[in-house]
Amino acid sequence: MKKRKVGLALSLVLAAGTLLSACGKSNDTAKDGGKDKNFTVAMVTDVGGVDDKSFNQSSWEGLVNFGKANGLKKGKDGYDYLPSQSDADYTTNLNTLVRRGFDLVYGIGFLMPDAVEDVAKQHKDNHFAIVDEEVDQPNVASILFKEQESGFLAGVAAALATKSNHVGFIGGMDVPVIQRFEAGFLAGVNAAKPEVKVDVQIAGVFDKAEYGQAIASKMYSSGVDVIFHAAGATGNGLFKEATDRKKKDPSKEIWAIGVDRDQADMGEDVVLTSALKRVDVAVQDLAQKTKEGKFPGGKVTLYGLHEDGVGLAPINAKVANKDQIEATVKEWIEKIKSGAIKVPESPAEAKTFTGK
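If you count by mature numbering (1 follows the signal peptide of the UniProt record, and there is no 0), then the sequence shown holds residues -21 to -1, 1 to 335, one letter each, in order.
Honestly, the hints are just simulated from the structure, not real lab data.
Each residue gets a CB set at the ideal place from its N, CA and C atoms; glycine is no exception.
Fair warning: there could be bad hints in the mix.
Distance windows between CB atoms, simulated [as the list claims (entries may be wrong)]:
| id | residue 1 | residue 2 | range |
| --- | --- | --- | --- |
| 1 | 53 | 273 | 37 to 43 Å |
| 2 | 55 | 197 | 43 to 49 Å |
| 3 | 64 | 143 | 27 to 33 Å |
| 4 | 267 | 227 | 43 to 49 Å |
| 5 | 179 | 54 | 26 to 32 Å |
| 6 | 153 | 281 | 19 to 25 Å |
| 7 | 50 | 78 | 34 to 40 Å |
| 8 | 318 | 100 | 35 to 41 Å |
| 9 | 316 | 279 | 38 to 44 Å |
| 10 | 306 | 144 | 44 to 50 Å |
| 11 | 299 | 319 | 26 to 32 Å |
| 12 | 273 | 316 | 22 to 28 Å |
| 13 | 55 | 271 | 33 to 39 Å |
As a list, the in silico DSS-like pairs of lysine-lysine whose alpha-carbon atoms are at most 27 Å apart [unchecked claim]:
| id | residue 1 | residue 2 |
| --- | --- | --- |
| 14 | 197 | 176 |
| 15 | 16 | 330 |
| 16 | 270 | 219 |
| 17 | 270 | 16 |
| 18 | 268 | 278 |
| 19 | 142 | 273 |
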C-alpha cells in the first residue's frame, strides 16, 4: 500500500510540474506576440466586391500588405475575405469569419454598422473593426476619414484643368461619406476658380457601372470636361465613357478623376488624378496595432492629410498645365495641414467657401 501511495504522489508532482511548465510557455508566447499562432485577420466586403477598383479593393490591398509584412499567407491561418452579394450577407459573413477563428474581423463600408454591432454583442471576446462608420462597442474599433480634404484637392485640380469652366461630380449615394467628398470638391473648385460651374448627381448605387456611364455621358454632352466620381464600382462607368469618347475623338480634352486608390490604370489618356482615401493604410495600420496588443476598442481613429490617410494621386503628365496644378495643390495641402484653413464637411457650407 505504501508503495502505491508514493507512486501516486510522485505522479501528481510530475503532473503539476508539467502544468506549470505549460503555463509558463503560454505566458512567454503571449509576451512574444504569439509565436506559436499567427495573428489572423479577415474582412467582409460590401456589395461592390473585392475587385471594385476602388474602396473594397483598397481595403483588401491593406490586408495583403499586412500579410506580406508579417509573413502571412492568404487563408484561415493568415488573412482572407468574404464577399457580400447583398446586405443580407453581412451578418452571415461576419459570423463565419468569427467561427473560423480570425483574431480581427473587418466590416468594410458604411452599410455594415448594424451587422457589426449585432455580431460584436454576440461575440464580446472577439475583436472587430469597421471602416467609414462608428460602432460604439468596446470590442469594435472604428475607422473614419476626412474625405473632404482629398475631395478639396480634387476640386482644385479640376478647376485648374477645365477649359469649359464646367465640371461634374458623381456620388454613389447621398450619405455622409459621399457628402464629405462632394463638399470638399465644391470647396476646392470655389477656392481655386470660383467662376467654374459644378454639376452634381447621385447615382443611388455603388455597384452599377452602367449608371455611372449614363450619368457621365449626359454630363460630357452638356459641356462638362472634368468629372470626379465617389461612387465605388458605379464610377467605373465614368472611365469607360471617358475612354470611349477619347477614342472617337483623340483631340477632345475630357478628364475623369478617380477615388480611394490611384485609378490611373482605368485610362491613361483620361484619368487626371485621383482623390486618395488610404483605406489600405488604415486597415494595415489597425491590424498591426491589434497584433501588437494595442487594439483601440470603443474608439474612433480619424485619418486625414495630417496622418497621410488621404491625399491626391499624381497629376497626369499629359495635362498642359501639370506643373501649375501640382504647385497649387501643394500650397493647399500645406494650408490644410497647418490648420490655416478647415475644409467644410457639408455641401451647403462648401458653396460659400472661399479658402480665405
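Evaluation of the provided hints:
no.: 1; hint: 53 <-> 273: 37 to 43 Å; result: violated, 25 Å
no.: 2; hint: 55 <-> 197: 43 to 49 Å; result: holds, 47 Å
no.: 3; hint: 64 <-> 143: 27 to 33 Å; result: violated, 40 Å
no.: 4; hint: 267 <-> 227: 43 to 49 Å; result: holds, 47 Å
no.: 5; hint: 179 <-> 54: 26 to 32 Å; result: violated, 43 Å
no.: 6; hint: 153 <-> 281: 19 to 25 Å; result: holds, 22 Å
no.: 7; hint: 50 <-> 78: 34 to 40 Å; result: violated, 25 Å
no.: 8; hint: 318 <-> 100: 35 to 41 Å; result: holds, 38 Å
no.: 9; hint: 316 <-> 279: 38 to 44 Å; result: violated, 20 Å
no.: 10; hint: 306 <-> 144: 44 to 50 Å; result: violated, 21 Å
no.: 11; hint: 299 <-> 319: 26 to 32 Å; result: holds, 29 Å
no.: 12; hint: 273 <-> 316: 22 to 28 Å; result: holds, 25 Å
no.: 13; hint: 55 <-> 271: 33 to 39 Å; result: violated, 22 Å
no.: 14; hint: 197 <-> 176; result: holds, 15 Å
no.: 15; hint: 16 <-> 330; result: violated, 53 Å
no.: 16; hint: 270 <-> 219; result: violated, 41 Å
no.: 17; hint: 270 <-> 16; result: holds, 11 Å
no.: 18; hint: 268 <-> 278; result: holds, 13 Å
no.: 19; hint: 142 <-> 273; result: violated, 50 Å
The earlier numbered hints that this structure contradicts are 1, 3, 5, 7, 9, 10, 13, 15, 16, 19.
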